[in-house]
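Asks: Line by line, the protein sequences are chains A and B. The opening residue of the first sequence carries number 1 in the working numbering; numbering runs sequentially from there. The opening residue of the second sequence carries number 1 in the working numbering; numbering runs sequentially from there.
Be careful, since some hints might not be right.
Note: identical chains are not told apart, hence a pair may lie in one copy or across any two.
Calculated pairs, SDA-like style, for lysine to any residue (alpha carbon to alpha carbon, straight line, at most 25 Å) [what the hints assert, rightly or not]:
#: 1; residue 1: Lys182; residue 2: Ser303
#: 2; residue 1: Lys94; residue 2: Ser163
#: 3; residue 1: Lys40; residue 2: Glu347
#: 4; residue 1: Lys114; residue 2: Phe48
#: 5; residue 1: Lys112; residue 2: Ala197
#: 6; residue 1: Lys94; residue 2: Gly162
#: 7; residue 1: Lys114; residue 2: Arg310
#: 8; residue 1: Lys182; residue 2: Gly302
#: 9; residue 1: Lys94; residue 2: Asp165
#: 10; residue 1: Lys94; residue 2: Pro164
#: 11; residue 1: Lys94; residue 2: Ala167
#: 12; residue 1: Lys112; residue 2: Met28
#: 13; residue 1: Lys182; residue 2: Gly301
#: 14; residue 1: Lys9; residue 2: Arg280
Source of the hints: derived by calculation from the structure; they are not laboratory data.
There are 2 protein chains.
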Amino acid sequence: MKAASAGGKRLLKALRREPVDQVPVWLMRQAGRYLPEYRKVRAEAGSFLDLCYTPDFAEEVTLQPIRRYGFDASILFSDILVVPDALGQPVAFKEGEGPVLEPIRNAGELAKLKSVEGLRDRLAPVYETVRRLRRSLPAETTLIGFAGAPWTVATYMVGGRGSPDQAAAKAWVYTAPDEFQKLIDLLVAATIEHLSAQIEAGAEVVQIFDTWAGSLPELSFRRFAMTPMAEIRTALKQRYPAVPVIGFPRGAGPMTAAYLDATGIDGLSLDTAMSPGWARDRLQGTTCLQGNLDPLLLVAGGSEMQRQVRHILDTLGHGPFIFNLGHGIVPQTPPDHVAELVELVREWRP
Amino acid sequence: MKAASAGGKRLLKALRREPVDQVPVWLMRQAGRYLPEYRKVRAEAGSFLDLCYTPDFAEEVTLQPIRRYGFDASILFSDILVVPDALGQPVAFKEGEGPVLEPIRNAGELAKLKSVEGLRDRLAPVYETVRRLRRSLPAETTLIGFAGAPWTVATYMVGGRGSPDQAAAKAWVYTAPDEFQKLIDLLVAATIEHLSAQIEAGAEVVQIFDTWAGSLPELSFRRFAMTPMAEIRTALKQRYPAVPVIGFPRGAGPMTAAYLDATGIDGLSLDTAMSPGWARDRLQGTTCLQGNLDPLLLVAGGSEMQRQVRHILDTLGHGPFIFNLGHGIVPQTPPDHVAELVELVREWRP
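For reference, chain A alone in the conformation it holds in the complex:
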């Protein structure tokens, strides 16, 4: 292994499998309700979608955790459901309820959605936020764009809201898979378009969140999680070969190995239940891993958090690796614990 070169962004180096001087670190949902300065902007902005669609607000909340903690990456503040919103299925965020949409459950309702062509116009404020962030972020901070994976976005489009078992979307998958495939195909195209626009506006990495991948049995996982991800990755690599793609097939367990083989992604985010040792042995040889501290350990802080952070670093830190959580940060997280976590990662040496 050659010595770490002085220049270049740490997170990009890890994703290119180059040596780094320290393990890069950022946290999923690092801009969010646990920060008082976020809650202030959120109250000012009106609705959650107004916050996403107003570059002044979205830029500000994206920058807040960078100012506080100096993370190696900044992830655009937005939501995976701006895609259905832009496709003509309006999304509302109700306090304490999460997102609510008028469900789409058959080919007729699907046909009423708008085509992908107008998506860039409708989401122009999001790309404007990306452009501004690229200018305002510190030179060492990598800007990550993101989207939801087609399956996960579809669970909300079909269910009309979050659900513990994704029953509505599965009802469609299991009774008319070829019809459901049309929704997935639309979302593959929309996701490619949305991520392309983010990259052209300045995103240096993109991450695709498949939060509900682990609810699918193997055959459905292959068709509706793995194959769409491979299609998105291939399309993006043709257009932007230098931009790394990170996947997050949450809950996919041992199927994660097949997912990695089929998609060839540069980075793979691990959920909390994933064994770091298994991931190192089976996955780290071909991709940069990312993860996987339990967000509730960050809430607890203290010696147990320290012990488990070190376990992750000792197992995966020799790289390529990006320290992160196994799922998004939760609102009750004390901001001081985040500072302590960043310190722990910064201090660790192989």
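Fit chain B to the supplied structure of chain A, relying on the hints for placement.
Replies: Using the frame of chain A, we list chain B on its own:
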């Protein structure tokens, strides 16, 4: 492989890794709300716990799915929360809300629980149901007793109800693990006692459900899911060496391999997200697998269900294997689909 012998119960043979003439089949929560005859008894019984604690009712609902479908196994109708109920933490089941308990969140509250000694007296009606079932079940049907795993039962005892992230129990695990260990130790002892009493009353197999195992990161999983299960299995094997023990570490992903190695259990139940191919290659050489059809495929029925049932059978059916779901049957399941599923499994040949 020697030829299948004519006599003996199919499910027990599979668990002993002996050849069988057909793949045995039963379904988690096979006695339940999807059956009109169950709903009738449920309405008569009063509360859900009255149903569990009244042998006349509990025996009847346990037998209902056996009469309809002729499953290879009958699982005692009961609930994992009878254990805290017997330890002096009363459980109420509220309609549409699930179980509700007065939470236990520290050593002081823990000290108020009763000891394990009186558990058999307090749960006497449950064991009476087991005794009756052993007499009333058909000769070819195996009677399965069960309990919740300590970690999963603890999530309800500490949280006071079900939660999507087990935050309350994790708060204790992560801030005072040695204190939380005392709750786990109590539950290990109570689980051994509860399963011993079921075995002595006539249960031929026991299954231990760790529904929330997959929410724990590796270090916590080893300490609070794997080690307790190894302790329970060892104690039961010392007392009842011929009684097979099945574990169900739901959501444990690749950690399932370590779990199997550490516990040496006879059977391992697979959740829906578990890859049948990986399970065959990594686990089936040392244990009898069980699973793992998505309960929502059973709701859908039809050609997609058939295709996925065959995928599971073709991958795992050469045994040792027990066909089952990846999680409990859901109330909206059409009873006809269950009949079709049993037919599919019965028809399958290696």
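Asks: Hint by hint, say whether it matches the structure.
Replies: Hint check results:
1. With identical chains, the CA atoms of Lys182 and Ser303 are at most 25 Å apart between copies only, with a shortest distance of 19 Å across copies and 50 Å within one.
2. Taking the closest pair of Cα atoms, Lys94 and Ser163 come within 25 Å of each other both inside a single copy (15 Å) and across two copies (20 Å).
3. Proximity of Lys40 and Glu347 under a CA criterion of 25 Å is satisfied in neither setting, with 32 Å inside one chain copy and 63 Å between copies.
4. When the C-alpha separation of Lys114 and Phe48 is checked against a cutoff of 25 Å, the pair qualifies only within one copy, where the shortest distance is 23 Å, while the shortest distance between copies is 49 Å.
5. Proximity of Lys112 and Ala197 under a CA criterion of 25 Å is satisfied intra-copy only: 24 Å inside one chain copy versus 60 Å between copies.
6. Proximity of Lys94 and Gly162 under a CA criterion of 25 Å is satisfied in both settings, with 12 Å inside one chain copy and 23 Å between copies.
7. When the C-alpha separation of Lys114 and Arg310 is checked against a cutoff of 25 Å, the pair qualifies neither within a copy, at 48 Å, nor between copies, at 38 Å.
8. Taking the shortest alpha-carbon separations for Lys182 and Gly302, only the inter-copy value of 20 Å comes in at or below 25 Å, while the best intra-copy value is 49 Å.
9. For the homomeric pair Lys94 and Asp165, the shortest alpha-carbon distances inside one copy (20 Å) and between copies (21 Å) are both at most 25 Å.
10. Proximity of Lys94 to Pro164 under the C-alpha cut-off of 25 Å is found in both arrangements, the shortest distances being 18 Å within a copy and 19 Å between copies.
11. Both within a single protomer and between protomers do Lys94 and Ala167 lie at most 25 Å apart by alpha-carbon distance, with minima of 21 Å and 23 Å respectively.
12. Neither within a single protomer nor between protomers do Lys112 and Met28 lie at most 25 Å apart by alpha-carbon distance, with minima of 33 Å and 40 Å respectively.
13. Taking the shortest Cα distances, Lys182 and Gly301 sit within 25 Å of each other only across copies (21 Å), while inside one copy they are farther apart (45 Å).
14. Only within a single protomer do Lys9 and Arg280 lie at most 25 Å apart by alpha-carbon distance; the minimum there is 23 Å, versus 43 Å between protomers.
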